[in-house]
Amino acid sequence: MLYYTDVAVIGGGVIGSAIARELSRYDLSVSVLERNPDVVCETSGRNSAVVHGGFAYDTGTLKARLCVEGNQMMDTLSRELGFPFIRCGKVLVGNTDEDMEQLERTMAQGFRNGASGLEIIDGSRLHELVPAVNGAFALFSSRSGILDPFLFTIGLAENAAENGVRYFLEHEVERIGREDGRYLIASGDDLFSAEWVINAAGLGARRISDMLGITGYRVIGSKGNYLVLDKRLSSLLPMPVYPVPSNTYMGIHVTPTVDGNVTVGPDAINTDDFSYYGVPSDKMAFLQESASVLWPHIRRRDVIRTFSGILPKWVDAEGRIQDFRIEIRDDIAPKAVNLIGIESPGLTAAVPIARHVISLMRERTELHLRELFDPVRKASRRFASMSDEERGMAIAEDPLHGHMVCSCEEVTEADIIAAIHNPLGVSTITGIKYRTRAMMGGCQGGFCQMKIEQLIEKETGKKAEDVCYMRSGSWLLAGKMRKA
Amino acid sequence: MASCREDEEGLRMIESRDVVIIGGGPAGLAAAVELDKRGIHDVVLLEREHELGGILRQCIHDGFGLSRFGESLSGPEYAQRFIDEVRERGIEYHTDSTVTSLSPERIVKVVTPSGLYIYKAKAVILAMGCKERSRGSVMIPGERPAGVFTAGTAQAYMNIYNRMPGRSVIILGSGDIGLIMARRLTLEGCSVKAVFEIQDHPNGLDRNISQCLDDYGIPLYLRHTVTDIHGRERLEGVTVSEVDGNMVPIPGTEEYHPCDTLILSVGLRPENDLIKDAGIEIDEKTSGAAVDENLMTSVPGIFSSGNVLHVHDLVDFVSLESERLAAGVASFIGGGLAHDRTLQVIAGNGVAHVVPQHLCSSSAFSLSFRVRSLSSDSVVRVRQGDRVIVEKRHRRLNPAEMVNVDIAAGSIGKEGNVEVEVV
Amino acid sequence: MRKCFTCVICPNGCRLEVEADGGTISVTGNLCPRGVEYANEEITDPKRTIASSVLVDGGVMEIASVRLDKAVSKSLIFPIMDVIKALHVAAPVHIGDVIIHDILSSGADLIATRNVEARQ
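Chains as they are written, first to last, in my numbering: chain A, 378 to 861; chain B, 31 to 453; chain C, 179 to 298.
If we strip away everything but chain A, and leave its shape as in the complex, we get (with noise of 0.2 Å):
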């Protein structure tokens, strides 16, 4: 099929989904072509869920710039997404003079770099703010905070969704040509001819930069590999605990989730392999040692699972890490915005990079703005997030409510059911999964997947086959045992 779009976005994760948002501010139509099943499946939703401060940045980059606008947003765009974001704080912390300078250092380009609430603090101090941690002292960040990563993510993508975005999942943009002052992008059996084309593409930026002409890149993958915690040890941590930075690496570091996990990571190893997650073991075994100098509660018996993720990093032929790079060549590829090396802090800047998109749109071209964008997600709320007195109401409302699905992480099958039927069409099993954090507890689906695995079917109309886990071609099920 054929479709005509004024934008077309590729990649729907965080940076697309909301450069896909701002851009349903205006008067355009915006396909986003996103080639997993969901917008979560990569380094939107694979990262340590920190919303940075912007001082460990050079400054006058993008990177310093974006992350520090980014930062300021952040309650604005939690209450409009309806996604968990606590400022909770983080502290890097240092035991010798070596440390001190650097976070001297750190703190000070921070003030130039325009973030505000970062101090020195002492001992006491810190052990006043994270009681179970190992230090001498430590940079505070009153500013920084943590958030859901997939609930950012996804709410950005269904609130562009419900602005009138369409969304094409498992579409993997496999050409793109030039004709007639127009792109044309080919997806399989689909044609997209787009007026402008915006390479938000993450891990596969590249590749879609190559195919537009924007040659000569150099971007190399870094993983991080994270364990993630029970519950049980969200108590001894209330912020973030991070070491001494460098301008490239933040270090392993222990962060508690909006949920009340704990994620340890990430090492950063080069990787060619943009689509390898496997965490080995030597890692784990890395993570726990490396992070237990800091915060000595890491046991293995409280390991709930692993995940790893991939950062883009472009850098320069010394294998130098470079900043962003947000260009229109118009020589080469005019009304292409072009994306490269967005990794960390790109969940924090999304927003902003979005903008600054936009910006060097309209540098170009006149947009206009409509009337009918409506920032806030029309998401209902989970039943884990109300008091008693709203869970009771929200069970006279619906008594779905009154089915828990995951008891664990207190999901209803209202919460199910409101998920399965997501404006973006989501209706794979992880995709239920980020949206409710059902089969994120302690028992990790053991007693609620089939469950899930039932709602899908059933409020889908899929066959039991067709049921993905998470990505195109992961088949959940071989399908019914007793046929009818």
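It should be emphasised that the hints constitute simulated quantities derived from the structure, not laboratory data.
As the structure is a computational prediction, the values presented were derived from the model and not from experiment.
Using N, Cα and C, we set each Cβ at its ideal position, and we do this for glycine too.
One thing to keep in mind: the hints can contain errors.
Residues on chain B that point at chain A, a partial pick, calculated with CB under 8 Å [what the hints assert, rightly or not]:
#1 LYS67
#2 ARG68
#3 GLY69
#4 THR142
#5 GLU162
#6 PRO171
#7 MET188
#8 MET194
#9 ARG253
#10 GLY267
#11 THR269
#12 LYS306
#13 GLY309
#14 SER396
With chain A held as given, fit chains B and C onto it using these hints.
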């Protein structure tokens, strides 16, 4: 729920009961029936699923009830005997009722399709059963494709929901559910290639090794484990390695086995989230509550039995344990139960864990424990200081089988901890 | 012929060594006479039970669990499974209902082991 008193908001119903039983599986059902027999009628049993029976509903193989009923029943049949008795006795129960919190004051919050209920109970019985250890908790390295299931999840897919988890199967862990599933999958036409067990002895009962694996020519490899998982979308295969005496994989022994399904039967753990909420003392060894001889936890009036207390291998013993618990609950309601924990019971040499962990009196009770390793012709000894209370020679001791020892009334003295050991 | 297997009659799990020579069988490793009995049966005509599921038409669940009410000759397991896989039964199904009497002339009945009520 009939006689409800609604509070100001009109949406929370607060009720009082002598006993609230959390969980309608074998432990909760047996406790409910036994309480009723003992004249405790102001009881409510709460079950989160749509029907009573717990995990027994999906255990369709037979072999249940040999001790309790003297015949070999399937799981659903075993459960139904108790369900029928609960119904005949008119014991109040509610399905689709999920307990979301429990306080040390024995206030129980319940989510149901007819509203949010709050019970104030004189006694609470924890009978929530256990959960399976998952991939994350055994930290299997590798990718995360579809096709990795715990044995119980695969069992529910097949036996309750009529869905096939896959076609070509490797099983990690020789727990009973894994063995049962090996046979079930084979009978359904799957190719079950092998069972790998990291320990040097099988984790399941001999009967199941023989009838679920040997009968179908499915090989069992001891001292082997899965060290890598391959496949980006659906599972494509696993790497299996031999392990050394410390269960550490030996480099160079890796072997790749193609399969589309990996079934994990790597152990069970008490479903103890609510226990943590209520601030109940937990035994790190069992992961369940630490209880006294009446199966009362560290919080007065909160009792525990069955797999949420410690993981059993035979449901018959879950029922028996819960019936003993009911006796203690009845005495507690009647006001005549000592609960000053004066002595400890210690898992000594060769013993992995023991229940109860504490003693309050010298009344008769039953000790349940698991040994650490296989042995033959060894002696189980229960002693208080140097004084031997019970000593028994066992032909064979197997970590896969729980051992029960009855202690007679008056045999425990007032001073000195009690120790169970294998010598 | 020499065979080794575990006696499954009781939890002792004796490791039986069986020497079968024509009509005579000698058993070692057993702690009690039941081991000899079990070994005899295992050599001459081993017997097993089966548990499985059958399709239910018009029920609140798609399937009902079933089992054989007594052990049958091991050689009948797969033929009986073929029968079970092809079966449809109409709801309601109740525990103990005989689905097939004397299935494949094995002497065993196939009985339902759970209740599946009819869909409203």
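Outcome of the hint check:
no.: 1; hint: LYS67; in the structure: violated, 30 Å
no.: 2; hint: ARG68; in the structure: violated, 30 Å
no.: 3; hint: GLY69; in the structure: violated, 32 Å
no.: 4; hint: THR142; in the structure: holds, 5 Å
no.: 5; hint: GLU162; in the structure: holds, 5 Å
no.: 6; hint: PRO171; in the structure: holds, 4 Å
no.: 7; hint: MET188; in the structure: holds, 6 Å
no.: 8; hint: MET194; in the structure: holds, 4 Å
no.: 9; hint: ARG253; in the structure: violated, 17 Å
no.: 10; hint: GLY267; in the structure: violated, 13 Å
no.: 11; hint: THR269; in the structure: violated, 11 Å
no.: 12; hint: LYS306; in the structure: holds, 7 Å
no.: 13; hint: GLY309; in the structure: violated, 13 Å
no.: 14; hint: SER396; in the structure: violated, 28 Å
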